[in-house]
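Chains as they are written, first to last, in full-length UniProt numbering: chain A, 1 to 434; chain B, 1 to 434; chain C, 1 to 434; chain D, 1 to 434.
Accuracy of the hints is not assured; some may be wrong.
Straight line, CA to CA, 16 Å or less: simulated EDC-like cross-link-like pairs of lysine to aspartate or glutamate [stated by the list, open to error]:
id : chain 1 : residue 1 : chain 2 : residue 2
1  : B       : Lys105    : C       : Glu274
2  : D       : Lys105    : A       : Glu51
3  : D       : Lys174    : D       : Glu286
Derived coverage of chain C by chain D (criterion: at least 3 residues anywhere in the stretch with Cβ under 8 Å from a Cβ of chain D; other residues may be distant) [unchecked claim]:
id : region
4  : 93 to 100
5  : 250 to 259
Part of the chain A face toward chain D, derived, beta carbon under 8 Å [claimed, not checked]:
id : residue
6  : Pro39
7  : Glu43
8  : Val47
If you're looking for bench data, these hints aren't it; they were derived computationally from the structure.
From the three backbone atoms N, C-alpha and C, an ideal C-beta is built for every residue, glycine too.
Protein chains: 4
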Amino acid sequence: MLMGGLALILDTQLSASAHSAMSDRLFETRRLTIELAAPLSAEDMVVQAMEEASPTKWHLAHTTWFFETFVLTPYLNGYQLFDEAFNYCFNSYYEHLGARQPRPKRGLLTRPSLDRVLAYRQHVDLALAQLLGEQTEAPPALIHTLEVGINHEQQHQELMLTDILALFAANPLKPAYRPPQPRSVPAPSEPLRWIDFAGGVYEVGHEGEGFAWDNEGPRHDVLLRPFRLADRLVTNREWLAFVADGGYETATLWLSDGWAAIMRENWHAPLYWESHDGEWFEMSLEGLQPLNLDAPVAHVSYYEADAFARWSGKRLPTEFEWEVAAATAPKQGNFLGTAALRPRPAEDEPNGSPRQMFGDVWEWTQSAYLPFPGYRAPEGALGEYNGKFMVGQHVLRGGSCVTPQDHIRTSYRNFFYPHQRWQFLGLRLASEVA
Amino acid sequence: MLMGGLALILDTQLSASAHSAMSDRLFETRRLTIELAAPLSAEDMVVQAMEEASPTKWHLAHTTWFFETFVLTPYLNGYQLFDEAFNYCFNSYYEHLGARQPRPKRGLLTRPSLDRVLAYRQHVDLALAQLLGEQTEAPPALIHTLEVGINHEQQHQELMLTDILALFAANPLKPAYRPPQPRSVPAPSEPLRWIDFAGGVYEVGHEGEGFAWDNEGPRHDVLLRPFRLADRLVTNREWLAFVADGGYETATLWLSDGWAAIMRENWHAPLYWESHDGEWFEMSLEGLQPLNLDAPVAHVSYYEADAFARWSGKRLPTEFEWEVAAATAPKQGNFLGTAALRPRPAEDEPNGSPRQMFGDVWEWTQSAYLPFPGYRAPEGALGEYNGKFMVGQHVLRGGSCVTPQDHIRTSYRNFFYPHQRWQFLGLRLASEVA
Amino acid sequence: MLMGGLALILDTQLSASAHSAMSDRLFETRRLTIELAAPLSAEDMVVQAMEEASPTKWHLAHTTWFFETFVLTPYLNGYQLFDEAFNYCFNSYYEHLGARQPRPKRGLLTRPSLDRVLAYRQHVDLALAQLLGEQTEAPPALIHTLEVGINHEQQHQELMLTDILALFAANPLKPAYRPPQPRSVPAPSEPLRWIDFAGGVYEVGHEGEGFAWDNEGPRHDVLLRPFRLADRLVTNREWLAFVADGGYETATLWLSDGWAAIMRENWHAPLYWESHDGEWFEMSLEGLQPLNLDAPVAHVSYYEADAFARWSGKRLPTEFEWEVAAATAPKQGNFLGTAALRPRPAEDEPNGSPRQMFGDVWEWTQSAYLPFPGYRAPEGALGEYNGKFMVGQHVLRGGSCVTPQDHIRTSYRNFFYPHQRWQFLGLRLASEVA
Amino acid sequence: MLMGGLALILDTQLSASAHSAMSDRLFETRRLTIELAAPLSAEDMVVQAMEEASPTKWHLAHTTWFFETFVLTPYLNGYQLFDEAFNYCFNSYYEHLGARQPRPKRGLLTRPSLDRVLAYRQHVDLALAQLLGEQTEAPPALIHTLEVGINHEQQHQELMLTDILALFAANPLKPAYRPPQPRSVPAPSEPLRWIDFAGGVYEVGHEGEGFAWDNEGPRHDVLLRPFRLADRLVTNREWLAFVADGGYETATLWLSDGWAAIMRENWHAPLYWESHDGEWFEMSLEGLQPLNLDAPVAHVSYYEADAFARWSGKRLPTEFEWEVAAATAPKQGNFLGTAALRPRPAEDEPNGSPRQMFGDVWEWTQSAYLPFPGYRAPEGALGEYNGKFMVGQHVLRGGSCVTPQDHIRTSYRNFFYPHQRWQFLGLRLASEVA
Ligand SMILES: [Fe+3]
Ligand SMILES: [Fe+3]
Ligand SMILES: [Fe+3]
Ligand SMILES: [Fe+3]
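Produce the entire structure from the sequences given, and follow the hints as far as they go.
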């Protein structure tokens, strides 16, 4: 989908070293990262839009540092660090691995230059190719760590795009990451339909052979009451009705912290919405575009999602309700691979099973991000990956329009603070069975 | 236990009007509030120690405003408001009831004076007596609202004492709320014993005739795995070992937000601990006292409790584990009624059932403060009491040494933000069954 | 003028020990402080309205600590400190004298109680009486330090009243420090008249026998160009015209820092102005009162004074222009002694000399608060009194309606930061001679 | 001195259009800006080091916008704006000219790209060449505005270098703007010599034909007392003695605001000093270099300069003392033209006249930045250039090692806030004549 000069530079050597499915996935992932960066200039790649975002160049380097640190150094004999200073520059938050560039100052790293970071990627990719070439029978721990590295890089692919959107949205010229694509005229979004699920004991969480994050396990039983789930995501049209009904001015609809947040931040609509001459627009990776009323609402905080649900007389689902429902839906949807780069209206007909469970927007759940019963973070630096964030955040499920499809599972748990909005975050309503 | 001139002023009229158990409890609660304030001067009562605390005078007035607003205005014909301006002054957070004095500025209310607030209490108490005298058969809604008012005032009794402690702790003279009491020499705290609980489906939450807060229901089933709970609270002696082992300097023991908090706030020990010449002291309602090593640790944040548990190789219990265990323990302990005003060492012998489940300190649980399945906040202003705080906080269970004993239930859910420390907050360890 | 029970308690012993003019002034000053506090309750006296204000009780104690520290300890043999902890509690900012209660937390000192602070005053007053009784020929250094102590206490008398005003203004009940007094109907304020002053070399600053602060010297020559000064202060009526003309919405009228301040703080009028139903009111020591249009405007920052002057096509005077003009005016005016407690319209007829130079409001000058040529701060702790504040502030001249008259001199230099407003701060226009 | 590919791109058309001294200076200034940027990558040019600094690209565009707005639009018939959106992007602080990119967010402007900004420069340079080619007799107002534009761009040349230093100092790799140059071994700095100046009336401020900023006038008489000035700047060696003597730990040496600043910011040495293994280094445009003990100290705030002077038993000079002394010294020194890019030790022998008055470091004076008598800001947007900053700042004199030499005059007044340090700011001692 995306094309750019940068995308080509790694092809030759990689194709030579690819000798297995794992290797293919590894280098395809590495290549895709470069492809996603291709529309950007070096200038675009160095700047940090805000504290919680990171520059593209930093993402390029950090994902590389990740392989160097967790794969090459322990597993490749004689591996030479590309640059010792990069541990300081590109360690994100691993306390086990020492001091690091403060997160709000990642955007000050005009050096190392983009060229040097690309050379770093090549250096590491070559070493990975060497490692995989040597290893006819890779030990399971190496295989697992490579999987972690691939999945880690996929997460940063999503972050790259959302961080670029944050940067371009803050620019008065409202640049587009790519030109707008023609869209089919959407059918008006049909009314919500509700799907009922029976109560009972369900198994949730990940188990089995495939890769999953530590926070998706242990697989365990949960006891659910009967519940009802909307068959599609909440749309911009529905959100507009909430705005028009004074949703953002009615204190009693909001959680106390939510009301404090919208007062403090002066929020009156989702992030990236702008009203000009009575018409609503939304900043997107295709620049400022008229709001697509039938598309799912995105860039809303937990506070807003919760207030909308209360205004609707409904509630948000728990992460387990979502997971149980998702097990009945095909794991397909508007992911990064569709190249839409925006949430899209539900396209298939209502069919009695939940639609848009995957892709489009991450779905806020009522569930706080906490450990599953029996969870213990792994030993060592990688144990910091997920476990130390288990306070103060909420779980989101299902992936978004900028998530790589093969990154997602039914048991996948994403997590953000209730005030955060810059990711593609939306919602689906739930309720009790009457 | 506590004596003071203020305590006597309401006796005459109240005893005359008391005609029932409800009435007795109501006026006894009202009287106890005054008794608790008795050791304080008007100066002590007007000042606000910090944003999250409130002045004693404000507590005295706010609890009175609560009865005026929710009981007298709707239920007593012809009731005259004591002062219309008091709705602004003493409304805490009810958006349904209009604008109010900003929370961080409650301490600026030198007017109305203490005398006028005491007159307000008398005015409202007399009207309550009149209402109860009239009502030979009070409607259930009135009875319920009276219960809410009593329980509300009990919560503020606890807050009064913790807010006074915060105020006195900030005073360089380290004043005592009351003179130190002689204590029995504690036996050295015996080693922790572990009590195992079987997995399975348990009923939790409140149901039945007695009063409970809306957030304790609906009663519902939960599915628990086998778990193991410490038979007593974590002690100061154990906490000192954590400090001595560098607990506050070891990033990898902490949740990410916790580490950020202790770095930002420069925490090196529980709130109110002070080290002088190598000896540890603790500020208490009896002034600055040598640390009682066998008493339960108090005034620790969720972050600290979690880090301690990790350092111990254990974890915090969930609120449901706690509730299931508590059902096996007598609902007695070191509450406000013991007049200890401080956590005490476990006094009874290890006996195979959990001790100190009630009183001493609120116990942090791993559970975020969220609605139970099927929970809906009541309509109207009282619906704001609990529901709108259901984000970002954690559940604590069991009550503390400044909680009135009859305020507590096995299903009682208290909640604080993970950084808060000024309440009597401690912990009990849990773990999986090996 | 003001009467209260507290005012009487020191009379007996003081009259016995008064033996000289100095002694009379000392104890009269000490008495006046108590008289000024008399309308206040203990509650009113303990609370701190905001960071830059102090509680009345703190003023009562701090002025006493000042005599204890700088007079009694060095000069009275065998003097016993009243309480050693008071150095920590009531040292304001003297680094020479060690650690102290942080300024923003002076309002947390509910202990020592007001009674104990009053006993402190008595203890120190008795010791001062003893010292003065012994000293038939007091050494000049003692005499000077006593003068410093008297003048210091006078400054705090003014601060007490402005800090109380700040406290009551923040109270939704808008209490009055004293009941409103009847006022004569003011004549409409006549147009400004301009008074010309010749250029040339003038002597400024203090010299001679009487007391002056170190920052008023050395007396030195300044070279002035011819200038023109308004014969009265800017009035509320004139300020209203500025408001009505969009003064607070016109960026180009403001200093850059001033515009930033009014945007940040959302200022649209002087501090303490409130508009109700199209009519303007002003919070005062007599409570919320209709704005007196002919009275001088008060409670404006330097930024506002400067913007008003620019809007008027004029400028603020320098401190030396003011001083030269003031030398031609009688040192009388609406000081604390008139008991007006508010700025008053100019009462005397225009007479070709500047009116209202003294009293009513401190007058902002264009002059930064900097040392005079040859200034050196005295040695020791008292050297911190004025010198260490010589950066970032502006000089104000002339005293206000809450300044004791005998505290003021033509050379007197007060100083505040350009954003501050809670004192009685106003302005007089100046300009070049055409 | 500095070489780079970017420096060449404008040469052709400029040499053709140069037809006069003014034109030469204009295009030489424009060329120099590009030359100064030449060592930087596009990445280096887009990032903003901190709020008070600006990105190089922004400087390149803003100086161009300045000519477009103040010269081309009013004076060149038919001039077409390069891009209307640039007024928003590159207006710095001119309220007359409408809304603008917030100063702290200048670094978010990854678009317009560097290429487009360079095209903007070409577009404007060509139009300027056309304007100058047409104007055989340019009107005085145009000539004056061109001068303003040249001087404005010179100021930004200095800011570009100091802002780049700030950016590289914040980078863990400590990049160098250019490679270190060999230096002659400095002679040990000889002791300070003092030069006496007589008191009396002196004329100060600018008058005459040459260009000066509005804030340098009106020229006027000042009356000075005899004073004494050090014949050279304070050195790093002397500053080290201050550090070693506990200067940064001794509260009584500091202005109150200064002490608060160093406590809050945790300052223990000048900005850019770093101590490694007991040796001091200084970050410079040549990267991290051993501290040159004989060079003038730089990157100190007013607070630090003032504390150092107090520790020395001396004081800072006033801006008029400085100006009177500077009139006796040749206007030459270590400016940008020496290409040292760092302060250098005094090289010439003590000779009874003040040395290092020009160049090396801006010299803090005791004088607040205030209008000269009779000053009025010009009408219109350019009137905002200097006048609206006349509060809260101090005057610095003499230029620095990154100031273009022909930008400076004896009457030149620079100004910064007392806490600022990122410019080349140093000091020279003064004192009274004994
Ligand atoms: Fe990462
Ligand atoms: Fe309450
Ligand atoms: Fe004082
Ligand atoms: Fe500029």
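Okay, the hints, checked on the actual structure:
1. B:Lys105 - C:Glu274: violated (19 Å)
2. D:Lys105 - A:Glu51: Distance ~13 Å between D:Lys105 and A:Glu51 Cα, so the pair holds.
3. D:Lys174 - D:Glu286: Holds: D:Lys174 and D:Glu286 sit about 9 Å apart, inside 16 Å.
4. 93 to 100: Held - the region 93 to 100 of chain C has 3 residues with a Cβ nearer than 8 Å to chain D, which meets the minimum of three.
5. 250 to 259: holds (count 8)
6. Pro39: violated (12 Å)
7. Glu43: holds (4 Å)
8. Val47: holds (5 Å)
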